[in-house]
Every structure is written in C-alpha cells, then in structure tokens.
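Participant: One-letter residues, chain by chain:
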Amino acid sequence: MAESKFTLRNSSYSYIHLRIADQAANSTSHKQKEQLELDEITVLSHLTSALSQYLGLTGTAIPVDILKVQALEAWIRLPIEDERAVVAALSQWVGKGGVTLRVLGRGSWLGGLQRGIDDAKFWSLER
Amino acid sequence: MPSATSIFNLPSSKSTSHAPKIHISHTQLPQTYLDPSQPPTTRHPFKQIRAVSFARNLTLCMPTRVYNSLYGNRDHDHDHDHAENTPANPEHPLASASRGPEQRCAYAKVLMTLSDVLSDHALRTGNHALFSAPCSPGANSVAMRLDCGTLTLDMPQTTYQRSGLTFPLTKTESGGRKHGKGSGRFRVEIDLRGPAMVKGRKGFERLVYASGSVEGLREGRVWLFCEVGGGGRKGKGKRKRGEEVTMSSSAAPRATTATSDSSREREQHHPLAKHHPTLIVEPGTTTTQHDVLVPGMISRPEYLCSLSTRSSTSTSTSASKAEHANGNGCPPTILEDDVHELVEYLGLLCLGSPRITKRDYGRVDLYLCRYVLPTVEMGPKESGAGGGKAADVGDTGSEEGEIESGTAGDKREGDADVRVEDVTSVRYSGFMSSEFVMQLVVDLIRRSRVRKSGEGSALGRNDKAAWMAISVDAFQMEAKGWVDGYLILLQSGEAGGAGGGAAEEMSRKEGSIEGGRFERRHHYGPNEKLDGKQSREVRGFRYATCFEFVDSMSR
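So the sequence lines, in the order shown, correspond to chains A and B.
Quick note on the working numbering: the first sequence kicks off at 1 and runs consecutively.
Quick note on the working numbering: the second sequence kicks off at 1 and runs consecutively.
No lab work stands behind these hints: they were computed from the structure.
Be aware that a few hints might be false.
To be verified - Computed spacing ranges between beta-carbons, pair by pair:
#1 A:VAL103 - B:THR166: 38 to 46 Å
#2 B:GLY212 - A:ALA61: 56 to 64 Å
#3 B:HIS290 - A:SER124: 33 to 41 Å
#4 B:THR32 - A:GLN70: 41 to 49 Å
#5 B:ASP35 - A:SER45: 50 to 58 Å
Unchecked claim - Subject to a maximum C-alpha distance of 27 Å in a straight line, what follows is the list of computed BS3-like cross-link-like pairs (lysine-lysine):
#6 B:LYS21 - A:LYS68
#7 A:LYS68 - B:LYS358
#8 B:LYS274 - B:LYS109
#9 A:LYS5 - B:LYS21
#10 A:LYS121 - A:LYS68
#11 B:LYS274 - B:LYS199
#12 A:LYS68 - A:LYS96
#13 B:LYS21 - B:LYS47
#14 B:LYS47 - A:LYS5
#15 A:LYS121 - B:LYS109
#16 B:LYS274 - A:LYS121
All values reported here derive from a predicted model rather than from experimental measurement.
Glycine included, C-beta positions come from ideal geometry on N, C-alpha and C.
Bound conformation, chain A alone (with noise of 0.2 Å):
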C-alpha cells in the first residue's frame, strides 16, 4: 500500500486568536456582550490603534489579515516575524472605555487554534 510521508516546516504566517474584553466592568451582562461585539473595521481599528501606540508609524505598516469575526472573538493573519511585535503590542494596550484584545492563542497554522474557547468555563463544573 503506497504511503508517503512530507513534513512542513516553516511556515510564513502566524495566526492569532482573539477576544475583546471590558477590562473596566468585570460583569459580562448580556447587554455588555452586545455592546462589544466586533466587526471586522472595529478590529482592525483596534489593532491599529494598539500598534501604533506601542511602535508608532512601523506598526502600523504591519499587514493584518481579519480572517473571521465572530461575536466577540477574531481570527487574525500576520506574517510571522511580526508575532511577537503583534503580540506584544496587544498585551499593553487598554483602548478607549478599558477594552482589551486578549491573545486566547496563537500559532503556525489554524489547526489546533479554537482550542482556546472557554477554556476556563470548560473546566469549571458548570455546563
């Protein structure tokens, strides 16, 4: 039975998931969750505005790809020497009203990466 074997390295985008958060209110109220809901120009913006407060013009030539927006979470492309400036750029940010971009993972590749959906919620009790 013909079988063969390849392995891929070194891939040349990174992929990042995302979640907005109100860091000021520590209630997520429904009414709250509507309020942030993200659109595709919202997180583009975001990322922006967190880039070019953290390595100004540069960061802003940065190439972000907006794969998926869905409620309150994105999928972003970049190319991957970028991770790390992304990254970190996203981890000191606080935008206008407290939200925050939470990195919930990153990677390679997109396979593995909707791992992080309520991962504290999953290993809760609750349902």
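Use these hints to put chain B onto chain A, whose structure you have.
Facilitator: Just chain B now, with coordinates in the frame of chain A:
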C-alpha cells in the same frame, strides 16, 4: 501570495529545538471491509487517530451534497451493518452508543480527589478515561490521566520526591531535564489493573498514602470523564459491572419504562454517581456555509499524489518539475508553498471563515484581508509557486469571470480550477476519546461505500469528487513534541459513472487522463486504476491525507 517580509528585525520567536511542523502523510485507504470493532492500527489516518488520546474539538467539513448522501437517509443505513455493534447499554448517557449523525459527544465533569479514584475499584479499573489538567498551569501543577486502568501522573520533581512513589519514571520528551522547557517534570505510569494493585499490597498502599497526604496530589480537582470502548471489541469482554448501570438524566431520552426502575435502582452503583457529576451530552452542531470556493486541490487527489512524488524525489523540485513538464500530459505539480496554502485553506474551511465564500472573496477590501485561494497550475507553462494563483484579488472583475468559468466546468489549461459548493460542517466540542473519533471516521468511510439501488455508492454518481475534512484539536499534555491537533482530508477521487451534462463529461475525461497517469506514476497496482472498468468497483472515500500539527501553537 503577498510577500511576508518583516519590517522589524526581531529574532524569530521559534527556536529550532521545537520548531513547529506538520507531518503529512498521504495514503490510500484499505479497499477491503472496514470492521468498526477492529479498525486498522498501523495505517496512517487510523494510526494518527489512535495516537491522540483525547480530543477537545472535532469539526467535519464536507460539501452539502456529500453530507446529504452520507447522512440523508438514516433509517436506510441502520440495518444489518450497525446491528451487530450495538453496545451493551445504549441508554447510558455516557456511552457514545450510536454512531454517525446520531453520535453524541458524551462526557462528565466531576469534582473529586485522586484518592476517590483509587478507592473505588470500578472507577480505577473500568473502561473509561479520566483526565484532569491543572486550571492554572504552573511549575507545581500536576496533571493526571487515567486511561483504561493506566494512571499517568505528570508532576514536578518536588512532588515526586515527597510522594515516595517507587514506580519507574517514564521517559518523556522533556523528562528529567535540568534546564529549559519542561525541566524537572517527572512522569509515572502505573497499571492499576496489574496483579500487584490490590488493597494491602505494598506498592498500592504507598500510592494510596501519597494520594491522601502529599501536597499537589491530595487536592480535589475537576476531572473529565468519558467512556471508552462503547461499541468496540475491547469493551465487550472487560466491561465491568458498574459500567452497565444507567444514570438517569435528562439527556437519556431513549430510556424505556421497562428498564427505568431497575436502572434507577442500580444508578447508585455507577462509580461516578456518588461524586455528583455534571453530565454533558452534546450532539454535533451542524452549520451550512453557502457558496464556498473549493480549489481543485481539495476535491481531486491527483494533486496530493504528486506531493508524494515530490517528497520521494527529495529536494530536487526543479528536476522533477522539468520532468513533469516534458511529459506532454502536463500533470499537476505541487510545491511546498502550495501545501502551505492548502493547509491554510483547510484551516479556514474548518474555522468557517467567510473569506473563502463567493460572496466575500475578492470583494473584501484589501486593507482588511489579502487572502488568495490556492491553485496549482495545470499545464506545461509552470512558473513557480506565485505564478499559479487564482487571480489578483484587486482585480475583482476578471477574477469573478474565472470563477464562473470554473463552475461551468470549462477548465482550460492554466486556469483556475475552482468549484463553488455549499459546505456543511458538523462540530463537536467537549471531551472525546480517540475511540469516539475513530468510530466516527470509520463510520463515515463505511457509509460512503454503502451501495444503493440505482447508484454506485452512497456518494451518488454525480459526486465525482467527494471530499471531507476532519479537524481535531487535542488537549495539551506535554511541553514539547506534542501534537496540537490533526486534520484528515478524505477524498474519493474520480469515480466512474454516466456523466450528465457537458461539464461532467469534460471533467470525467480530464479525470481519467490524470487517473491513468497517476496510476503509472505511483504503481498502486493494476487493480487500483482510476480509469476504466475497475474504478466502478472502488467506491466511497479512497484516499486520506493526514496533517499532523506538532508544536504548532506558540506558548
């Protein structure tokens, strides 16, 4: 592909020691009868499924036409084939009794200590899996796993020394290292079904003492529980008394009135019952995405077969390319960049990204997304990896035209080979054993081969290029060398059959030419020709490509 050059001179975040990689294996599925109670162990897609013991998420993606033909008439399928494998107790909410679309991801969360597990004979030796990972992974955290009687404790050095366990340490990828990632972690594997593991014996008592007194082992923690061996052969002989008991729960709709009394009576005997578990039974959530652009690489196995020639001829891509170009038949050539793009596409597909739908593709502003569909050029005018892209995204008009021509089946050489299809995805999330995944995959392959009257197989005669992607996310259990997930692409290839329209005939012709070449190149044997009479004998999914993501996640 937009060039991914950095404007920063930061060192790469990946050290070479555990660089992320994907192991890809392309195989032909066994054409013989697939026994669900004894799935193959050494062949690749099955081997991979076995290797990842627990799955966190599972996503099936397939064209809606394939979904309908596989899952459409459920009653028809539930005949002789499945009757033989009904497990001992189908009403058990934790037993993943039914398979296929009815297969539910059933697991329980329970708060208990390690000594609770050890003190209960049924719990420590039964055919089930228990897994507990620390909520906050830190240096002093302990991960515990009990898989069909084998207890694995992964702990820091101090805890190991305090516990006084005399069991031999298991070699791990990171075990016993003094510096670096995963240093100072010790792992012990104990077979709780062994003859020495009975009350009163020294080794067992030592373990019980450690579980009750040593800091790090004695705390209560959340365990995930799922049954293993629900429908398999393994479960039949070794099934313990406690497991046959039904737990009453709202999620057990099929509990009959006749057995409910006795089952309620026996319910207290279930090893988990006294710890008040949270039972979770989730059927898969099905969603459909309309008008997804599917590149030819996905639906036709010829491309990935050429990957195998490429890898076998080591790194001499240019040489093999020249050789390919010389043959007048112009076989598809696949390069490493194309595989990267294929993996990316499959990732987007399983993610459910709108960027690959016809509605979105090419219309989204470049500022938001620059994603380009992968295509492999068919033809002698091969011009590197970047030359064969579907279209320039900026030029919306011309790109649309190409896609339209692709759907009409008018495939000229060097053109984009893209279909537009509705894609249905089924998604499971929770705690799944490898057996759950295995049963699902075996069942899907078997379903695809079921003969129906008037049609060749469950995949109708028009489903020439049936495909399915199965994406699995794993739990992380090791610091290094860990498989973060895998993705299996099942393909049926071009099956014979009477073509309907001109487009079908066209693609059939093309397929048969490629098939012939493919057969010659790979020496799969005379019985496995893609064209000619033999192909009508082979049905359903025939090829599997497994992408195994190793260390792909940055931490």
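Participant: Taking the earlier hints as the rules, which of them does this structure contradict?
Facilitator: Going through the list in order, the structure violates no hint and respects every one.
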